[in-house]
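Trainee: Could you build the full structure based on these sequences and the hints that come with them?
Protein chains in written order, with this note's numbering: chain H, 16 to 262; chain G, 16 to 262.
In silico negatives: residues of chain G with every beta carbon more than 12 angstroms from chain H:
1) Lys23
2) Asn66
3) Tyr79
Some but not every residue of chain H turned toward chain G, in silico, with C-beta under 10 angstroms:
4) Lys46
5) Glu50
6) Thr138
7) Ile139
8) Ile140
9) Arg141
10) Thr142
11) Asp144
12) Trp145
13) Ser168
14) Thr169
15) Met170
16) Val176
17) Thr205
18) Pro240
19) Ala251
No lab work stands behind these hints: they were computed from the structure.
All C-beta atoms, glycine included, are put in the ideal place defined by N, C-alpha and C.
Number of protein chains: 2
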Amino acid sequence: MFNKTHTKYIQSLHHKKFRDENAVFIAEGTKVVLELLDSREFVCQQLFALNEWLSDHAKTLQQYSGMELFAVKDFELEKISMLTTPNNVLAVFKKKEPVQTLPVKGKITLVLDTIQDPGNLGTIIRTADWFGIENIVCSHACADMYNPKVVQSTMGSLARVTILYTDLEAWLQENSAIKKYAAALHGKNTSELRGVKEALIIIGNEGRGISDAVMQLADEKITIPKRGEAESLNAAVAAGIIMSAVG
Amino acid sequence: MFNKTHTKYIQSLHHKKFRDENAVFIAEGTKVVLELLDSREFVCQQLFALNEWLSDHAKTLQQYSGMELFAVKDFELEKISMLTTPNNVLAVFKKKEPVQTLPVKGKITLVLDTIQDPGNLGTIIRTADWFGIENIVCSHACADMYNPKVVQSTMGSLARVTILYTDLEAWLQENSAIKKYAAALHGKNTSELRGVKEALIIIGNEGRGISDAVMQLADEKITIPKRGEAESLNAAVAAGIIMSAVG
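Mentor: Now the structure itself:
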């Protein structure tokens with residue numbers, strides 16, 4: 016039965032420290048939870064849902080063994096949820112083993128230099144999944160891919176995109192054979208990317224852009240042509256526009 | 016001097032009801048506040064800032080008459096701010112008179128059907144400003160353009176984009192002479208928009224897309240080509256990709 020120990024445990028998982036210690040993360044909402052279950056990329060340990068949700072999804076849930084199911088009341092879900100409007104289901108999943116390398120040959124790979132906002136990171140992962148970009152490299156200063164806000168804004172795409180956290184400079188140097196495009200305020204038009212099938216595409220921080228050290232490793236700067244007055248674009252929007260321009 | 020009455024007043028402005036009653040809204044952070052001041056599109060009534068900020072910007076502030084300046088302490092700013100990490104300045108601006116019509120001839124106009132998330136609406140306004148799209152039409156069910164989260168995510172672009180709230184169906188019928196493209200999951204490739212100089216581009220709700228009634232008024236459906244698995248794109252990202260494809 017659902018009790019205070021569960022509440023405390025799940026609340027602790029809102030913090031990276033405890034997610035790391037327990038090697039788990041939380042996901043909320045029918046779409047995200049079912050997509051993560053369905054992918055079989057992540058093992059579900061515990062699932063907390065309203066009675067109605069459990070009966071509606073009984074058949075689906077039978078396919079997955081080894082997880083504990085808990086019926087919770089509205090007010091209990093509210094306590095463990097990180098959403099302002101709690102959904103009807105919250106699940107605790109085991110993290111995957113961190114990847115050590117990524118295949119970059121013949122592929123488009125996204126490289127994120129300090130994307131700090133969890134919503135932006137999640138949205139970028141979701142957009143990459145839309146455009147069939149399978150791999151993302153993140154600097155250590157990026158938001159945690161298991162942050163609940165990242166998980167929510169991926170809308171389930173977390174299961175289909177592989178993410179490597181690494182020292183960007185060293186990693187870019189190791190992959191010097193692949194052409195590197197850096198998103199910048201001044202550079203060649205993104206139409207340069209048309210037809211490109213193999214590349215590393217570097218997106219920078221929300222406020223500061225790409226760090227100097229990383230920028231020096233890029234082969235070419237690319238820019239989304241500006242026709243108006245805004246000083247910059249939101250990082251997730253910029254990443255989306257660039258991804259749409261590739262290939 | 017800054018007092019409890021100010022605190023209560025500004026906290027009340029986090030709610031639409033009180034923004035409407037007072038015909039004002041709040042903006043936070045150096046960039047947003049200075050851009051709104053600089054635009055002279057909005058009249059600032061009151062400005063609350065840390066002492067240091069006030070002296071750093073004394074010269075700039077002298078250019079604007081008629082506003083009350085208040086030096087506040089960190090903890091006071093925290094009380095009135097809606098940001099998790101309060102910035103060093105918060106200002107109360109008068110709203111503009113709502114626009115009644117928009118010039119659409121020879122222009123690209125964005126039409127938003129129930130964009131509910133304030134962050135998405137603000138990001139779309141900012142992106143429109145980047146691409147030189149001057150006008151946006153919002154259904155009444157869209158987020159309020161003066162919601163603090165909208166204002167923050169526009170990053171100052173609120174001053175440069177004109178927004179009309181209206182009954183979308185009636186408005187689209189009145190503007191039947193202008194070609195209407197609707198963002199949809201199945202339609203022609205967004206490359207259709209290349210070279211287009213006059214159009215209404217309709218973007219739908221985060222979860223449900225464009226309503227049936229509005230969709231029926233569209234001339235053509237357009238789709239961002241999908242090469243991967245994600246079911247959909249974030250609304251602000253989709254709007255950004257479509258705007259980047261126009262013209």
